[in-house]
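J.: This is what each chain is made of:
There are 2 protein chains.
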Amino acid sequence: MAKKAIVLTSGGLDSTTVAAVAKEGGFDLYCLSFYYGQRHKMELESAKKVAAYFGAKEHIIIDIDMKIIGGSALTSSIEVPKHRNEKEMGEDIPVTYVPARNTIFLSYALAYAEVQKADDLFIGVNAIDYSGYPDCRPEYISAFEKMANLATKVGVEGTTHLKIHAPLQDLSKEGIIRLGLSLGVDYSITHSCYDPMPDGSSCGECDSCLLRKHGFELAGVTDPIKYTE
Amino acid sequence: MAKKAIVLTSGGLDSTTVAAVAKEGGFDLYCLSFYYGQRHKMELESAKKVAAYFGAKEHIIIDIDMKIIGGSALTSSIEVPKHRNEKEMGEDIPVTYVPARNTIFLSYALAYAEVQKADDLFIGVNAIDYSGYPDCRPEYISAFEKMANLATKVGVEGTTHLKIHAPLQDLSKEGIIRLGLSLGVDYSITHSCYDPMPDGSSCGECDSCLLRKHGFELAGVTDPIKYTE
Chain A
14 MAKKAIVLTS GGLDSTTVAA VAKEGGFDLY CLSFYYGQRH KMELESAKKV AAYFGAKEHI
74 IIDIDMKIIG GSALTSSIEV PKHRNEKEMG EDIPVTYVPA RNTIFLSYAL AYAEVQKADD
134 LFIGVNAIDY SGYPDCRPEY ISAFEKMANL ATKVGVEGTT HLKIHAPLQD LSKEGIIRLG
194 LSLGVDYSIT HSCYDPMPDG SSCGECDSCL LRKHGFELAG VTDPIKYTE
Chain B
14 MAKKAIVLTS GGLDSTTVAA VAKEGGFDLY CLSFYYGQRH KMELESAKKV AAYFGAKEHI
74 IIDIDMKIIG GSALTSSIEV PKHRNEKEMG EDIPVTYVPA RNTIFLSYAL AYAEVQKADD
134 LFIGVNAIDY SGYPDCRPEY ISAFEKMANL ATKVGVEGTT HLKIHAPLQD LSKEGIIRLG
194 LSLGVDYSIT HSCYDPMPDG SSCGECDSCL LRKHGFELAG VTDPIKYTE
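The listed protein sequences correspond, in order, to chains A and B.
Just so we're aligned, residue 14 is where the first sequence starts under this note's numbering, counting upward by one.
Just so we're aligned, residue 14 is where the second sequence starts under this note's numbering, counting upward by one.
Check the hints yourself; a few may be wrong.
When chains are identical, the list treats them as one kind, so a pair holds in a single copy or across two.
[Stated by the list, open to error] Computed list of lysine-lysine pairs in DSS-like fashion (alpha-carbon distance at most 27 Å, straight line):
#, residue 1, residue 2
1, K80, K159
2, K16, K239
3, K176, K80
4, K95, K54
5, K61, K130
6, K95, K159
7, K16, K80
8, K176, K226
9, K226, K80
10, K80, K62
11, K61, K159
12, K80, K61
None of these hints come from the bench; they were simulated from the model.
Start from the sequences and build out the full structure, keeping to the hints where you can.
T.: If you want it as structure tokens, here you go:
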């Protein structure tokens with residue numbers, strides 16, 4: 014029987030690449046997605062496509078209530094910044110940062126792993142993210158893993174150990190796309206835009222779109238999704 | 014202006030004592046409770062009374078979806094054990110254990126702390142709990158604190174540090190009750206039973222009731238709540 018992996022699946026380019034890595038590693042996939050009052054419900058439609066694409070054994074979507082806590086452009090009404098260059102994006106913590114988001118996501122993944130008796134969690138944090146988001150840094154992931162191994166039944170019994178896999182950690186967007194393409198990922202099912210049009214096309218102007226477009230350019234491949242322009 | 018404290022408030026005896034400790038320490042209280050499909054909705058009614066009792070600046074109740082993940086008597090239909098002695102309770106992880114519960118609770122508390130710019134989180138874990146629940150042990154709390162300081166904006170800027178207060182960590186139930194009474198806590202507003210009657214009275218037979226009753230006996234005080242018997 015294949016080992017089980019819990020894969021945080023947003024429907025975006027990064028987590029889809031991570032799912033491909035887990036699949037390639039021979040794991041059975043248990044995909045976990047979150048709806049958190051964000052503007053981009055479309056990501057969840059992509060997440061469903063991604064889970065189906067990789068033949069996930071299960072796909073759970075958890076509705077988490079971030080709005081009640083507040084504090085981010087993705088959950089409240091602060092405007093999504095457009096047309097920023099990479100220097101501007103890296104200068105400060107993005108307004109699209111959701112407080113403690115990865116900590117909350119990984120905590121649910123930990124609960125799911127415990128119930129499924131899975132030892133492996135996959136998350137798509139990467140070098141570009143951790144220029145801006147504190148909870149994407151390698152030292153954060155490592156501290157979470159340590160805490161997680163103390164948090165659960167397994168940690169008490171000491172028989173097995175949870176491992177948090179962050180296979181994109183050192184990759185640029187270009188590197189991620191190249192990795193995914195080498196694993197046969199169909200990026201047309203993914204969604205990255207922070208501010209999509211009603212018809213589902215991407216704005217092409219938010220940080221996420223700009224990074225994605227630039228990544229595809231550098232990789233020398235045409236991005237298969239539709240942009241408004 | 015008083016410093017802000019995020020207080021995990023379940024409506025139970027322990028977290029109510031912790032709220033009293035935070036209040037005594039001069040903090041403004043921001044209470045955080047969770048509804049997680051558990052049988053004991055009554056705890057939340059108590060949590061509201063507790064927040065009001067201590068004049069909390071805000072009380073947020075977050076609906077978290079543990080049922081979809083499964084795995085505990087408090088969220089699914091496994092029977093709550095009755096009439097166990099303390100040796101039996103301590104022998105293994107209780108079936109009332111909710112996977113990764115404190116990790117999820119503390120993660121939301123971390124998000125709330127970040128939005129409120131609070132540096133202090135209070136949680137009521139204690140010596141009795143951590144005989145059975147892995148995520149109540151001091152080494153777990155310490156690992157969470159370390160992770161939390163890497164997870165947030167503040168952690169990147171390095172200006173302040175989050176502190177997780179677990180003031181009951183070394184106390185028995187008797188010790189907790191003595192502490193609370195010395196701070197003037199009215200325990201009639203609290204609720205502990207895992208399996209309460211429809212009229213709100215406590216069963217007196219589940220682990221939580223037995224520990225509570227025994228604690229009041231040892232403290233030489235009458236428990237002000239109503240038991241069915």
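J.: A separate judgement is required for each hint: does it hold in the structure or not?
T.: These are the hints, each one checked on the structure:
1. Taking the closest pair of Cα atoms, K80 and K159 come within 27 Å of each other only across two copies (26 Å); inside a single copy the shortest separation is 29 Å, beyond that limit.
2. Taking the shortest Cα distances, K16 and K239 never come within 27 Å of each other, neither inside one copy (36 Å) nor across copies (49 Å).
3. For a Cα distance limit of 27 Å, the shortest separation of K176 from K80 across copies, 24 Å, qualifies, whereas the shortest one inside one copy, 30 Å, does not.
4. When the C-alpha separation of K95 and K54 is checked against a cutoff of 27 Å, the pair qualifies only within one copy, where the shortest distance is 20 Å, while the shortest distance between copies is 45 Å.
5. In this homomeric assembly, K61 and K130 come within 27 Å of each other (Cα to Cα) only inside a single copy, at 23 Å, whereas the closest approach across copies is 36 Å.
6. For the homomeric pair K95 and K159, neither the shortest alpha-carbon distance inside one copy (37 Å) nor that between copies (35 Å) is at most 27 Å.
7. When the C-alpha separation of K16 and K80 is checked against a cutoff of 27 Å, the pair qualifies only between copies, where the shortest distance is 24 Å, while the shortest distance within a copy is 36 Å.
8. In this assembly of identical chains, the alpha carbons of K176 and K226 never lie at most 27 Å apart, being 32 Å within a copy and 41 Å across copies at closest.
9. When the C-alpha separation of K226 and K80 is checked against a cutoff of 27 Å, the pair qualifies neither within a copy, at 30 Å, nor between copies, at 39 Å.
10. Within a single copy, K80 and K62 get their C-alpha atoms as close as 26 Å, and across copies as close as 24 Å, so both meet the 27 Å cut-off.
11. Taking the shortest Cα distances, K61 and K159 never come within 27 Å of each other, neither inside one copy (30 Å) nor across copies (34 Å).
12. Taking the shortest Cα distances, K80 and K61 sit within 27 Å of each other both inside one copy (23 Å) and across copies (20 Å).
Consistency with the previously given hints fails for numbers 2, 6, 8, 9 and 11, ordered from lowest to highest.
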